[in-house]
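Assemble chains B and C onto chain A, guided by the hints.
Residue numbers (our numbering), protein chains in the order written: chain A, 13 to 111; chain B, 101 to 735; chain C, -10 to 305.
Just so you know, these hints were derived from the structure itself, not from any lab.
One should not assume that every hint holds.
To be verified - On the chain B side, residues computed to face chain A include the following (Cβ under 7 Å):
#: 1; residue: Thr158
#: 2; residue: Leu159
#: 3; residue: Gly163
#: 4; residue: Gln707
#: 5; residue: Phe710
#: 6; residue: Val711
Unchecked claim - Across the chosen pairs, the derived CB separations fall in these ranges:
#: 7; chain 1: B; residue 1: Ala735; chain 2: C; residue 2: Arg171; range: 35 to 41 Å
#: 8; chain 1: B; residue 1: Ala731; chain 2: C; residue 2: Arg171; range: 31 to 37 Å
#: 9; chain 1: B; residue 1: Asp686; chain 2: C; residue 2: Val117; range: 56 to 62 Å
The structure displayed is predicted, hence computed values, not measured ones.
Here a beta-carbon is modelled for each residue, glycine too, at the ideal position from N, C-alpha and C.
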Amino acid sequence: MTITNYLVLAAILFTIGAVGVLVRRNAIVVFMCIELMLNSVNLTLITFARASGTVEGQVIALFVMVVAAAEVVVGLAIIMAIYRTRRSASVDDVNLLKY
Amino acid sequence: MPASVPVDGLLSVAWLVIALPLAGAALLLLGGRRTDRWGHLLATGTVVAAFVLAVASTLQLSGRPGHAASIDLFTFIRTGGLDVSAGLLIDPLSAVFMLLITGVGALIHVYSIGYMAHDSGRRRFFAYLNLFVAAMLLLVLGNSYVALYVGWEGVGLASYLLIAFWYTRPAAATAAKKAFLMNRIGDVGLALAIFLMFAQLGTTSYAGVFGEVGLLAGGTVTAIGLLLLLGACGKSGQFPLQAWLPDAMEGPTPVSALIHAATMVTAGVYLIARSAPVYDETPTARTVVLAVGAVTLLIGAIVGCAYDDIKKVLAYSTVSQIGYMFLAVGLGPVGYAAGIAHLLTHGFFKAGLFLGAGSVMHAMDDQVDMRRFGGLAKRLPVTFVTFGLGYLALIGFPFLSGYWTKDAIIEAALDRGGWSGWVLGGVAVLGAGLTAFYMTRLMLMTFFGKARWTPGVHPHESPPSMTAPMVVLAVGSVAAGFLLVQVFPLAEWLEPVFGEPAEAAHVVAPAVVGIVVTAVMTVGVLAAWLFVGRREVPTTAPVRVSPVVTAARRALYADTVNEALVMRPGIWLTRALVWLDNRGVDGVVNGAAAALGGSSSRLGRAQTGFVRSYALGMLGGAVLVAGALVAVTTA
Amino acid sequence: MSGTGMSGTAMSGTAMSETAMTALAAAADTGVVIGTGETIVFWVLGPVALAGALGMVLSRNAVHSALWLVLTMLSLGVFYVVQEAPFLGAAQIIVYTGAIMILFLFVLMLVGRESSDSVVETLRGQRVAAIVLGIGFAGLVGAGIARATEDLPVAGLAAVQGTEGGAAAGNVEAIAGVLYGRFVLAFEVTGALLIVAAVGALLLTHTEREPGVGRSQKERSRARFLTDRPQTLPGPGVYARANSVAAPGRLPDGGLAPSSFATGIEPQRVDELPRTGSAGAEREGLPHAGGTDAALGTIGGATTGPVPGSGEGAPR
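This is chain A alone, in the form it adopts within the complex (with noise of 0.2 Å):
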């Protein structure tokens, strides 16, 4: 086993969070499958880190988890707001930007 073994679970999951992003509608659900792939990423960054032997990688993955958190706090609001004027959390709901 090498530390290629993580990062291939990372991409499996960045993937998985990907795919997700396209099939699921509830846009909570959505925000949940952008968490995984930031995990993922967060996974790569310490896999390197580890590898090339310096803690820069554990730095940004731990401001890609503060952002993340920031981009939450946002984003649920945001489907708050959206979910009291429409009674939805549908993302397919939203669609009134279009031709």
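What follows is chains B and C alone, placed relative to chain A:
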């Protein structure tokens, strides 16, 4: 040609001749209603002052060597190779015109004081008249073709404004537009001629052009000559641009007398006479001038026989008489003096005739239909006598003005020799007979016979301010010809301009010409008496007439020809261009826009608004990028 | 992929020079050998993480999705710890599973049960295309990474963060050194980002009611009488032995009042009041004649028969 002697005395302020009427026009136009009460007097005063100044200048001029004075005023255009300095050229030719314009102009201003006394637009009228006099003086006094062109357009503008003086009448407005447009055709010719001169010679001053015109290629000179002739035809109402002049009679009668009889319409004759050195180089263009003059002479005379409108008859008479002048100046050196002399005498008697016609109209409540006149001789004695003298002068009654000058032209035409001389002379003699016919008809219908007045019309003689100029002009009509030909020979006076007149080899003895012309004239008078004077004149024009009369009544189909040859093709062309513009140009533009709009609206269908569709596209792109990376790094 | 391997070696060499060539010179050549314990952990928790991810995507109920995601995140936290990042492992568990996922669940509860998806896919071809593209993406990236890193030596972090009590600092100190050193500006900016995010969330969820715009009692009364149901909704637990929101109200005939069902909660059948008193006493309006203890009842007690209308979400 320009004298080397420095200009001094009154000649140095000769520009005042132009400036005075111009200042009058400006004052009247800008002064507004506060000049209403005395504006007409001011305008008349400026022209009278200009006349006095012109007389004094001419007297001083006669004392100078070469009888010429060139006065530089200021630089008008200096750019690159074109250097036009505004200046005046006073030589015998322009002096003669200056005297004619200011003299007749002053008389007509005086006449207008009476004629326009009750018109609400009197101040405007006098302002335009002053503007016209100034522009016309600039036309004849300028020392270059550019100055001439400025004056040329100025008189065109004044003519337009004055024809449309009663602009609330549709007929007047239409006539003004027609005059302006047909003049424009001629003006384009003149402008092209000036461009050609500048392109070929680099100068537009008379001295420069005439000094170098001999160096040009024959074709170029012919082109310049023909283009100048086009300009002259437009301004002088010559064939084929004669149709506007009769319509221009919609303007007030003093305008008809001053602009459309005595002065402006003779500008074409002036142009051709002034450009004599050009035409000396091109016999072709000169022959065209001859042909135009002869054709117009006949057209005007024939059409004049058929009209019942007194002013239009006089207008066609003007067309015909200017045809005589063109014929004369087309003959070359032998005819210049004769043409200019006829121009001067014509200025006198035709202005007098128009003023008389105006007096008649004044008496008849502005009616112009001669069939409603008749028997006016007793009611309008002064008008009758002055008009009659003008009439006699026009038809060439022996020893009156027209006799001397018209005979000189006919002689010159016959002296040309060969078949062309006989044809031109014959045409001129025939024209004299026709002139006698239509003028006698006019006299008989207006002043003799029974009164056929419209009920309610009470003819009365005009006020002295109107009759006095008529009297003066009548005296001029009687004496001018004799004075100009016999006492102060105009030919000698004009010698510095046109050179020594060649000694004419008379083909026909002058005495014989005089007798023949007088005989033909008598035949014309008698014919008119037979056709018109003997019988009762019907108050409405007979309908069943010969085709010749019908053609003449329609001005020999000039308008019809113009419509068929110019107007309708123009309309078709316009429609085609509009169609092309709508379908072609706009079609390309709109088509491109529609194609873009259509394709973008179709492409816009991809923007479903579903975030997940967009995300799918992003994932597809990511796959492509990843695939590309793998492919590149593997290779 | 020797180029990648070379660069990895060079990088580790640079890191070595920065740490003054203290020790572990052999690590530059051979690197850290991943031990058996870590292998076992990976092969146990890797499938668990995958299962959590798949479960999150596939479960219909959003709450279940959140719980599946928690599972994955916990697994990843363990991976972090195993990979010499104990601080991040702790942060993962505390921040992600502890804070962020709780926030998710909080919002899910606010939004309510209707947030679960319907099974029908509305966009034509979306699922098929997403799965095909996903497999392609995973294949390409996975294969690419596998080929790129199969020979990658693992330098390990012992040189920079050392062991506890050693010359080098621990993991937290190492991170702090970099975070407050090279990345201090980014750190400060991140603080600003968090403030902005907090203010933005407040702003987005805040609803302002202007004074005076509220409807008066008269207006509200009129509006209510324009609906089908002018009277007030029945409260939960009326005529029931429990006053929980899960206990629906009862109709006078003893049936459940659908209009009293609470949103998002399945109505629970509760025991009826014991009819201890005389019928006359009940008729006289003394429902609690059986005593206080008996009147309290129990939720989820012996249900007597199917609950009518429990399948519906009972939206108001």
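Item to check | Earlier hints that do not hold, by number | outcome: 1, 2, 3 and 9
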